[in-house]
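Same order as they appear, the protein sequences are chains A and B.
For reference, each letter of the first sequence is one residue, going 4 to 463 in this note's numbering.
For reference, each letter of the second sequence is one residue, going 4 to 463 in this note's numbering.
Hints are computed from structural coordinates only; laboratory data are not their basis.
Quantities reported herein were computed from a predicted structural model and do not represent experimental measurements.
Since copy identity is lost for identical chains, a pair holds within one copy or between any two.
Mimicking DSS-like on lysine-lysine, the simulated pairs with C-alpha atoms at most 27 Å apart in a straight line are:
#1 K212 with K226
#2 K109 with K119
#3 K119 with K386
#4 K88 with K52
#5 K267 with K374
#6 K59 with K22
#7 K159 with K111
#8 K159 with K119
#9 K88 with K340
#10 K340 with K111
#11 K371 with K137
#12 K337 with K111
#13 K375 with K298
#14 K118 with K159
If you want the building blocks of each chain, they are given just below.
Protein chains: 2
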Amino acid sequence: MEEDEINGLRSEIRDITEKIMYDVHKRMQISKRIGEIKSKLNVDVTDEKVEQDIRKSVSKLAKEIGMDNEFSGKLLNIILTESVKLQQRQQYGRTQRQTHLGIFMKAKELEAAGKKVIHMEVGEPDYPPPKNVKSALIKSYEDSHYHYTETKGILKLRQAVANKVQNSTKADQVIITAGARFAVFSAFASLLRIGDEIVSIEPAWPAYKECADFVGAKINLLKTTLEQEWIPDVETLGNIINTSTKMIVINYPNNPTGKVLDDKILEKIVSLAKDNNMYLLSDEVYSDYAFNGFKSILEFGYDKSIMISSFSKGYAMTGFRVGYAIANTHILDKMAKVQATTLTSVAEPMQYCALTALEGNDPSQNKKKMKKRLDLICDRLRKISFSLFEPEGGMYVYPKFNNEIQDDDVTIVERLLDLGVAVAPGSGFGDSYRRFIRISGCQPENILQQGLDRIEAAIY
Amino acid sequence: MEEDEINGLRSEIRDITEKIMYDVHKRMQISKRIGEIKSKLNVDVTDEKVEQDIRKSVSKLAKEIGMDNEFSGKLLNIILTESVKLQQRQQYGRTQRQTHLGIFMKAKELEAAGKKVIHMEVGEPDYPPPKNVKSALIKSYEDSHYHYTETKGILKLRQAVANKVQNSTKADQVIITAGARFAVFSAFASLLRIGDEIVSIEPAWPAYKECADFVGAKINLLKTTLEQEWIPDVETLGNIINTSTKMIVINYPNNPTGKVLDDKILEKIVSLAKDNNMYLLSDEVYSDYAFNGFKSILEFGYDKSIMISSFSKGYAMTGFRVGYAIANTHILDKMAKVQATTLTSVAEPMQYCALTALEGNDPSQNKKKMKKRLDLICDRLRKISFSLFEPEGGMYVYPKFNNEIQDDDVTIVERLLDLGVAVAPGSGFGDSYRRFIRISGCQPENILQQGLDRIEAAIY
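Put together the whole structure using the sequences plus the hints.
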């Protein structure tokens, strides 16, 4: 008898499934038609307001009929994403974003063909890691430090990182990751679900968007401007947030702008995250290059904050691929699970090198060097056709072309590449920054001068 | 006028969206009711046959109404997954799987508390990496090899790997990954979509399931038995495959069984993959430990095969975290994108160490050593209450308790741990292997003897 009931219910399920698919398809057809009209009217495909309305109505309905809100949200996101995709097909092909890494690869090709290129496009220090790292490499072999380690990293390194960042931080609040990029990825992958939304402040390191895309999260952008000294408007930030927003991502000292945030604004952002029970991910990889002081997110004691940093910039150890995250153990356990699943653990010799780098080395020498270089870049740029914000930290200058320059960033970057100097196009850090380039200070001063000579020649 | 049309269409969209959600909810209610009945009848929640029928009917409908097949499949998968989740809630809590890593962690805790434990649970060689790796570590600093590298790894290492594996392999068919685990993960993440299915042969290294779960792919299992000498039945394998199956995963020499597959069976599996246009991922990390020869998947020249290996086992370099995959460039480009997004690149000093390990070192010394150890283990086990398959490769013995032993694997493993010897529970490699344990040969012979003494004491 129960068998009969199951069979009956199964046939009901088949019918209703077909009905759902049919309606979804019908919905797509309508959406496509809207896309056609939008294309004719030359209107942007995504319409936040309309999306928000639909979200609200679905959320209300889910509540009324007792449907799981998370599930209905996920389903809706998939349908909305498909709609946008369909509508975009109606519009003109979008230009592929050209990032600093793309230019780096092009520059490498030119070099392979015999051309000399000055690299002012990448964020990789030209100076070496601390000297005692060399003996750490030898010692790692002698001490048999070439095994799997705990997923969260060797305890000594976690302890040393805890001591470095803040007195009250404990080793169990630290995870050692395969670079800061993997810290971002594992935070996104473990804390966000498909269809969740995050907010990032533009211009921004492209990795946030790449990682968000990878895990199926939607990234909403708060734009900042040179004219407003790259200060994010917290009120606007508040308006971008909706019930699907699970995380705010900030990055100060900022790549590419060199902005360091005022404590008060940071405090407002923390409050906003707190009030909306959101994660607050603070990428602080450039904190060793804060020229006039810097307040870490850790000092605000917000339980859902994740501070990310690495040894790549402060200790010039990019190729060692060692980063870390600091958060509560609940968050870290989730991130560790991602690391265990995908990597087992971080290379043990590299962890010991990072530990040694922390012992008896002060990254402030690198900071002084970088500050002098960025000053040099700013001085030269001011004399050419650029407006700029003087970096308060980081390793870059992000100048804007003055009005007499008609070309966009990619055109100029390619012209510069022909002249033997590689810089990063501004739009790699956000679609609307087509009048910017990013110049990196990761070269000795005499090389920077040569590069700037070529830039000057190209601009005039 | 067009504005009016848009508004009308938008209100239609709102209505139809609500209708979809309402129907999905109704579907869930029916599904829940089926779950209740199944629970009463004590039937398993997942029913492949029913799922297949629904898939087929939806696929047919999609074709009829001109709906994107990929999109309809994705939507259906999300609905089906939610149904299974709902039904599982009706049933009893599932027991958590205890893996070799879990036992390793427990053993570490006991050691921290002062207890001595013999580690026969993990697959980590006790002997060191090749000696010239030490000079490679020093040289990496001296040569400034501590930078970002190409995402796919340094060309020299890719070339050296290509030379090692097969004469016809070219460097552009090789990607260097952060360990073989990351190779598996990046292959899954780049080649599978949510709801895609893969087939794995049990008993199996748990990473395949972990990575499949992570990317939202469904894993179907073909069981093999000791009685059938761990030979997979290719006909059954063919029956498990359906239109959603995108990949077969194989691993020979096998962890944990030590099986090496006969060429003819391997050929049949390749044909099956070919006939169904599926990827064939062959994890060959134990190929340096094949005692009587071994044929790599590469020798079959199947275009959609992915061969994965690493330096961890053959060269005893677990902690360096360097693995690789060999496949066509189309597949590699996709895998490289995953690596670029999550890791940037593999630590450069570690890549140079791997390169040096390949130069002038022959892993066959390690193979001889391991073979002798596994023989020793087998000899001892045969005298106790175990049935076993003599390993044809790998680093493990996977014996089965004879009938006079009543307890299951986890009970015995815990009893052994109390006696100071850690082994891996058989069920860590597949739910149905509760009468097996995995014993690793990664200890010197005298230590293995001591461990086996304790096992003997525990069994009698």
